[in-house]
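As a plain string of letters, each chain reads:
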Amino acid sequence: MPQLTKRTSYYTLLLPAFIIYIAVIIFPIFMSFGLSFTEWKRFKMTGFIGLRNYSEILADAVFRRSMWNNIQIMLISVLGQIPLGILLAYLLHRKWVKGDKFFEFMIFLPITISSVVIALLWNRIFSPVGIYTTFVRMITGNPDYVVRIFESEKFAMIPILVVLLWQHTSLYMVIFLANLQRIPNSIFEAALLDGAKESTIIFKIVIPALSNVIFTSSVLAISGSLKSFDLVYAMTAGGPVNYTFVMALYLYLHTFTFHNYGKGSAVSIIIVLLSVGLISLVRGVYAKAQQRYE
Amino acid sequence: MKKLAFTLILMALTISLVFAAGAKEQGKGDKVVLTAYMQIDPASDQYAGHNAVMEAFAAKYPNVQLNIEYASGEAFHQKFQSMAASKRVPDLFTCYGGARSAYVIDTGLALDLTPYLDESYKSHFASATWLPQGSAGVLYMIPPSFAVCHSIYANTALLDRLGLSFPETFEELVAQVPVIRAAGLYPVSMGNKDPWVVNSWLLGTFIERFGGPDWILKAAKGQASFTDEPFVKAVEIIQQMSQKGLFSPGVNQMSNTEADQEFYQQKSVYLIDAAWRTSAMDAQLPAEQRNAIDMRVFPRLPGEKFHDNSNATSSEGFGIAKAVEGDKAKLDAALAFVKFYSGEEGAAIRAEYGEVPSYNLDLSKFSLDIMQTKFINFSATYSMGYVFDAIMDGEGVNLLNTDLQAMMMGSGNPKSIAATYEAWVAKNDSNRD
Amino acid sequence: MSNRTKNISTGWVATSYVLLIIFSLITILPVAWMIYSSFKPMGEIMLHPLRLPTQPSWDNYRKAFKYGNVVVSFLNSLFYSGISTFSTIFLALAAAFALSKFSYKGSRVYYGLFTLGLLITVNSVITPLFIMETTVGIYNTRLGVLLPYVAFGLPMSILLATSYVHGIPDALIEAAVIDGASYLQIFFRIILMVSTPVLATMAILNFLGNWNEFLMVFTLTSGENMRSLPVAINSFAGRLNEDYGLQFAALVIGTLPMFVLYLVAHESVIKGFGEGALKE
Chain Z
5 MPQLTKRTSY YTLLLPAFII YIAVIIFPIF MSFGLSFTEW KRFKMTGFIG LRNYSEILAD
65 AVFRRSMWNN IQIMLISVLG QIPLGILLAY LLHRKWVKGD KFFEFMIFLP ITISSVVIAL
125 LWNRIFSPVG IYTTFVRMIT GNPDYVVRIF ESEKFAMIPI LVVLLWQHTS LYMVIFLANL
185 QRIPNSIFEA ALLDGAKEST IIFKIVIPAL SNVIFTSSVL AISGSLKSFD LVYAMTAGGP
245 VNYTFVMALY LYLHTFTFHN YGKGSAVSII IVLLSVGLIS LVRGVYAKAQ QRYE
Chain D
5 MKKLAFTLIL MALTISLVFA AGAKEQGKGD KVVLTAYMQI DPASDQYAGH NAVMEAFAAK
65 YPNVQLNIEY ASGEAFHQKF QSMAASKRVP DLFTCYGGAR SAYVIDTGLA LDLTPYLDES
125 YKSHFASATW LPQGSAGVLY MIPPSFAVCH SIYANTALLD RLGLSFPETF EELVAQVPVI
185 RAAGLYPVSM GNKDPWVVNS WLLGTFIERF GGPDWILKAA KGQASFTDEP FVKAVEIIQQ
245 MSQKGLFSPG VNQMSNTEAD QEFYQQKSVY LIDAAWRTSA MDAQLPAEQR NAIDMRVFPR
305 LPGEKFHDNS NATSSEGFGI AKAVEGDKAK LDAALAFVKF YSGEEGAAIR AEYGEVPSYN
365 LDLSKFSLDI MQTKFINFSA TYSMGYVFDA IMDGEGVNLL NTDLQAMMMG SGNPKSIAAT
425 YEAWVAKNDS NRD
Chain L
610 MSNRTKNIST GWVATSYVLL IIFSLITILP VAWMIYSSFK PMGEIMLHPL RLPTQPSWDN
670 YRKAFKYGNV VVSFLNSLFY SGISTFSTIF LALAAAFALS KFSYKGSRVY YGLFTLGLLI
730 TVNSVITPLF IMETTVGIYN TRLGVLLPYV AFGLPMSILL ATSYVHGIPD ALIEAAVIDG
790 ASYLQIFFRI ILMVSTPVLA TMAILNFLGN WNEFLMVFTL TSGENMRSLP VAINSFAGRL
850 NEDYGLQFAA LVIGTLPMFV LYLVAHESVI KGFGEGALKE
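Each protein sequence line maps, in turn, to chains Z, D and L.
Residues in the first sequence are numbered from 5 upward in steps of one, following our numbering.
Residues in the second sequence are numbered from 5 upward in steps of one, following our numbering.
Residues in the third sequence are numbered from 610 upward in steps of one, following our numbering.
There may be inaccurate statements among the hints.
[As the list claims (entries may be wrong)] Looking from chain D toward chain Z, a few residues come up when the C-beta cut is under 7 Å (computed):
(1) 82
(2) 142
(3) 254
(4) 265
(5) 270
(6) 368
(7) 371
(8) 373
(9) 377
[Unchecked claim] Sample of chain Z residues with no beta-carbon within 12 Å of chain D, all distances over it, derived:
(10) 27
(11) 143
(12) 244
(13) 282
It is worth saying that the hints were derived from the structure and are not from the lab.
Remember, it's a predicted structure, so these values are computed and weren't measured experimentally.
Note that CB positions come from ideal geometry on N, CA and C, so glycine has one too.
Sequences and hints are given; from them, build the entire structure.
Structure (C-alpha cells):
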C-alpha cells in the first residue's frame, strides 16, 4: 500500500474520532450556548435577554446550594476516592492479603451496579421502614428513631458522599492497578532490600511514578463530580427541601419540568465554565508538584 | 495489512447489521397503522385492565394495527418532550387534561376532539368528564376514570384494640395521639419524600374545607388571593399536624410506597394516601386485614365551612395527534380507539378489574374485590373538589411544596409561605394572565 | 515473580484485612438480599422484608421475561456496549497516537476540544440530539445509538490513551520510520501491540458506562426490538406503583451479565496487563 505522507496519516488517524465527536457533542453545545441568552415562556422562545438567565440562576439560593454540594462531591472524589483507590490498588498489587483476586472482585463490583439499584437498596436499608432503622428501633426501644442526618440542612449530603465513595473508588482502583503493573518489580525489591518502609515506598516511588495517571484521574473525577446526576436523583431527587440539590438536577428541572430551555442551557454553560476553571487549577497544582519532584 | 483488512471487514459487517435493523414497520395489507406512546406499565397488576381492553379492541377492530411503545414515570415525559420539540408526535399518546401535558396540548400538537363527540355519546358519562382541558379549554382526551386524590385509611382492628373510634373532628384526632404512641404505634403514615404528596393528598382538600369547592379556581384567576384565610388556614392545619406529632417520624424521608408499608405492617393507625391505592391493597394484603380497613375523609377541621369532601381530577386518557386529521382512515381508527377505551365496552372491561370508569355503568353487576367496593362507596358518598397541582403552574407549585416540606421539618410559617407563593403566582403563573 | 515480602508489619496487614472485609460485606449483603427477595411476591416483601422466601417462586422472573422482552434487550445491550466500546477504543488510540507523537501545533487545539467533552452532561444535549437524529433519519436505528455512545466515550478514552501513548519511547517509532514503515503500519504493528493495558482499561470503563446507560437509548429508540436492558427494565419500574419483587428480578437479570462478563474478562484483562509489563 502506498505510503501516506505524514500529514495525511495524521488526519487519517485523528479525523474519524473528531468528526463523530463534533457532530454529536460540540454542535448541540453551540446550540445551547446560543439558547442560553434567550427567554422561554409557554414553550415558545420569546426573545433575547442577554445575561439575565445567568444572573437569575446565580441569584437563586437553590443553585448556590447545588454548587456547594457539587464541590463537596468533588472534594470527596479527589481527596477520598483517588487516595483510597491508590491505597487499595497498592495493597492488592503487593499482595499483602491472601485472596486478593476475591477482594479485587468485591471492590470492582459496586461500579457495575447501576445507580438506580444502589439507591433502591440503600432505601431498603436506611429509610424509616428499612432494615437498619427497624433494627435500631428494636435495640434502643425508641420507636421514633429515624436516621436524622438525611434531614439535616448542613449534612444531608454526607450519605450521598459515602455511597459515591463506595461506588467510584473501584473505578480508580482499576486504573491504578493497571498502571502499577508497569512499574518493574525490581524497583520494589531493591527498595525493600535497602530497608525502606512501605509508606516510604508509596510516597517516594509509587506516587511520582503514577503522577501522570493521578493527574488524569483528578481531571476525570472533577468532571464527573460536576456532572453527577444519576445517583443523587435516584437517592433523594434533591430533597428533602433542596438540601441535596446538584447542578445537573437543577438543569434537569428547568429544562424538562419547567420547559425553560433558555435557563437550562445557561446552567449547562455554567457547569462547563466551572469545570474548565477547576481543571485549570488542578493543572497548575500538578505543574508545581512536577517541578518539586524533578 | 492483515489487521487492516480484518478491521475493514468488521466495520463492513457492523454497518450492514446496522442498516438491516430498525427498518420502519409497514402495515400489512390494508391495515391502518397507528403509532402509540403510552405511559403504562404493562407488567403491573394495576394495568391488567388496560391489557384486557387492548385485546378486546384488537378483536373488534382487526383492521387496525397499533404499534405501541410503553414507558413509565418521568422518563415518559422526558422523551415525549423531546418528541414535541421536534414536532414528531405519535398518532396516539397518553395525555393529561392539565398542566402535565401542557407541552403537547398547548403547543398545537394535539387534536381537539370536540367536533367528534356528539351529545348522545357524551350523555352516558359523568358530567365531570367534560371539564375543559388545557389553556384553550377544549377536549383533547376522554378521561377513562377519575383519580381521587384524598383519602385517610383507618386500621379499625388497631382502633378497637386501643379502645378508640374514628375521630369526627381534628381535635379528637389530636387527642388520640398520646394514646396511640403510648401503645408503641404511630398515628398517621404519609410518604412525603416527594413533597408533592402533602399538596396532592391534603392541601387541596383542606383549602376547600375552608373556602368552598371553587375557591382554588378563583384564586388561580386572581379573584382571591393565596394570602386569604382558606389557604393560610389550610397550611396552618398541616403545621399543627407536624407540631402535634400526628405524623410518624419519617414522614419526609419515606416514599409513598414506604408509608404504605408502615401501615400494612400495622405499625400505624391511619394512612393518608390516594384513593386508588385500593387496587394495590387488594393485590397485596390478606382479606382479613382488608376487611378491617376503613376508607374515610379527613375529620372536620376547626372553623371549616364545607364538610366531608375529597378531591379528584380526571385521570389521563389518550390524545390524538393533530397531524392525523389529514388522513381519514387513520383519524377514524384513532377516534374509534379512544371512544372504545373510555366508552361502554372499555369501561365494562376496566370495571371488571376494579376501576371506576367515567362512563356510567351499573356497578352492582360486577363482582368487585373488598377494597374496590369500599372505593366505590367512597366515591359515591363524598363530594369531589379540585386538585391543586392540576390547576396551578408547575414551577410555583414546586416552590410551594418545598416550602411546605421545610415547614414540616420546623422552619418557616404559614403566613410567610402564603405571601411568597402569592407573590410568585401574581408575577409568573399562567392562570393569572 | 511474587511481590510478597516477608517482613510487612502486622499493622498494615491487619488494617488491610479490616478495610477489605468491611468493603466486601457492604457490597455483598445488600446484593444478596436483593437476590433472595426477587423470589418473593410483593406482598411478602412489604410485610416481612427480611425473611427468606417461604415459597420461593420464579413468578417475578417469568413476568420480567414476558414484559421485558429480556432476551432481545440483553442482546441489544451486548451489541450497543460491545460495538461502541470496540469502536471507541480503536478510534481513541488512533487519535491519541496522532495527537501525542506527531508534533503539530494544531494538536493542542484538538486535544482541548476533546477534553471539553468530559464536562458535558447527557441531559444538556439530549433534546438537540433527538431533533438532529429525527431530521437526518437515524432515529430508532442502531447506528443512532452507537454514534452518541462513541462520541461520549471519546473524551475520557482519548485522555487516558494520550497520556499512555505519550509514555511510549520515541526511539521505538523513529527506528521503524528509518526502516521504511508507514505511519499507519506503525500504528497497527507497534502502538496497538504495546498499548494493551490502556486498551483494556478503556474497554472496561466504556463497556461499563454504556451497559448501564439509560437516557440515550430510551430517547433515541422507540421500537421494542431496539431496547437495551436498562430501558426494558424501566418499563416496569414506574415510580407510582412499585412492585419490588418484580423490580428486583429485573435488576438481577440486568446486573448478572456484568458479573459474568467481569469474571470472564478479568482473566484476559490481567493477561493484557501482564504482557504490557513484560514489554518493559
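Status of each hint after checking the structure:
no., hint, verdict
1, 82, "5 Å, holds"
2, 142, "17 Å, violated"
3, 254, "2 Å, holds"
4, 265, "5 Å, holds"
5, 270, "12 Å, violated"
6, 368, "38 Å, violated"
7, 371, "33 Å, violated"
8, 373, "25 Å, violated"
9, 377, "28 Å, violated"
10, 27, "16 Å, holds"
11, 143, "15 Å, holds"
12, 244, "5 Å, violated"
13, 282, "29 Å, holds"
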